[in-house]
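J.: Listed here are the chains, written in short residue letters.
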Amino acid sequence: MIPLYLLHVTAVEHSESLLWTFVTCNIFVVTSGIIFMYKLFTQKKVRVAGIAFGIALAINYILIAIFGDPFDLLG
Amino acid sequence: MKYYRLWVIAFLLKFIGSAWDASYHFKYLFEEYSIPHIVNTLGFALGGLLLFQEWRRSQYMDNFSRNLITIGYVLFLIGIPLDFTYHIAYGIDLTTWSPTHFIYYIATGIMIFGVWRGYYLYTRDEKPAWKSMHTWFAMFLLECLMFPNMQQENGAISYDQYIHGKSIASQEILELISDPASQIFGGIPEWVYPIYSVLMVALLTVLIIRICRDFTIPVTAAALYILLRFVGKAIFAAVGYPTSYVPITLILIPLCFFLFRKTNWLAALTGSVAYFLVLFAIHKFDILITPPLEMWEIVPVAIIGALVPVVNSLVKPQQEIKKDKQLA
Chain U
1 MIPLYLLHVT
11 AVEHSESLLW
21 TFVTCNIFVV
31 TSGIIFMYKL
41 FTQKKVRVAG
51 IAFGIALAIN
61 YILIAIFGDP
71 FDLLG
Chain F
1 MKYYRLWVIA
11 FLLKFIGSAW
21 DASYHFKYLF
31 EEYSIPHIVN
41 TLGFALGGLL
51 LFQEWRRSQY
61 MDNFSRNLIT
71 IGYVLFLIGI
81 PLDFTYHIAY
91 GIDLTTWSPT
101 HFIYYIATGI
111 MIFGVWRGYY
121 LYTRDEKPAW
131 KSMHTWFAMF
141 LLECLMFPNM
151 QQENGAISYD
161 QYIHGKSIAS
171 QEILELISDP
181 ASQIFGGIPE
191 WVYPIYSVLM
201 VALLTVLIIR
211 ICRDFTIPVT
221 AAALYILLRF
231 VGKAIFAAVG
241 YPTSYVPITL
251 ILIPLCFFLF
261 RKTNWLAALT
271 GSVAYFLVLF
281 AIHKFDILIT
291 PPLEMWEIVP
301 VAIIGALVPV
311 VNSLVKPQQE
321 IKKDKQLA
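So the sequence lines, in the order shown, correspond to chains U and F.
Take the first sequence: its letter number 42 is residue 42 in our numbering, and every next letter is one higher.
Take the second sequence: its letter number 307 is residue 307 in our numbering, and every next letter is one higher.
No wet-lab data here; the hints were simulated from the structure.
Glycine is no exception: its CB is placed at the ideal position from the N, C-alpha and C atoms.
Just so you know, not all the hints are guaranteed correct.
[Unchecked claim] Under the rule of at most 20 Å between Cα atoms (straight-line distance), these lysine to aspartate or glutamate pairs were calculated in the EDC-like manner:
1. U:K44 <-> F:E54
2. U:K45 <-> F:E54
3. U:K39 <-> F:E54
[As the list claims (entries may be wrong)] Residues on chain F that point at chain U, a partial pick, calculated with CB under 7 Å:
4. H37
5. T41
6. N67
7. P81
8. L82
9. T85
10. A89
Pulled out of the complex, with its shape left as it was, chain U reads as follows (with noise of 0.2 Å):
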């Protein structure tokens, strides 16, 4: 069931090294954007978190501007 409604897409060959490497990126920016909106949602002091989001947000946005294109960074 779920592949048919939410996976509906057009499939494409893809690198399977790639993807990972694109999956463990994925993981570090979720895990410090969730510890980031946490402290934020509890108004605790950021500052710490918001340096490590941001760290983890520009390492997967590198990556996506190397091995995709710019204009994919605007979502």
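Could you slot chain F onto chain U? The hints should help.
T.: Positioned in the frame of chain U, the structure of chain F alone reads:
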């Protein structure tokens, strides 16, 4: 007020960019310079600038509203790399209903809610009225919640053109179509459209009435949303872009609450049933091209519509919870 007017412009740019993008992808697969995305990003950047100003010097909103908007921005920024990875894994998804696209909707919803909360507290001395910016923020939240439905609303017209051999989609899109009935509607079953619409509109209406204590704002917000959708449709039609069905019957849900002057199950039930029956009549008698519908869908639509105010009445306001805790 200028500060919040700039937020209205920021969200309006996001609205224009996203509506343009949804229409664009029913005609083209890729775009070299992503102009709809650039318009969307301009709105995002203007909002980012306004948010940065608040972080530098807190002037127009409380810290929690500012943090909520920041959470929306963080979530949106997380969504971009996740969406990219999703495209590597599964290819290009020609649907608004993909999991990573929902990160964008949730993030934008949080941003709008944060700004609206800031505006609500900033103008707490004035009673919320439809002539204020409450209508704009309510409309943006409605648009954000209704955005996934653009797949069905654009898809209905595109599918009709396709089966009659009059598709305006580009060759690269047409080559991808192997199962038009499923692909054009994003693989989403047809019953999702009316049920999702009723759930979201009823929920938003009840919450606005509860928070703003005003029955007019949800009606004017829905009217403004429909008006802007018609403006967009006229522009897309003029330049030969795919157009969409405009969900005119949505207004019947807040309108019934307005006429009943109560947020009870009867007002919600009447609004939901009226929404569905008029939509079904439009569909059945070919007055306009609507997303596909079946009559049995009126049952879950009515039940869900009626349940929203019931659940709302069961949730206590935060102040009462605090009082209860103090008494205990």
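J.: Against this structure, judge whether each hint is valid.
T.: We went through each hint and held it up to the structure:
no. : hint            : in the structure
1   : U:K44 <-> F:E54 : holds (17 Å)
2   : U:K45 <-> F:E54 : holds (16 Å)
3   : U:K39 <-> F:E54 : holds (18 Å)
4   : H37             : holds (4 Å)
5   : T41             : holds (5 Å)
6   : N67             : holds (4 Å)
7   : P81             : holds (4 Å)
8   : L82             : holds (6 Å)
9   : T85             : holds (4 Å)
10  : A89             : holds (6 Å)
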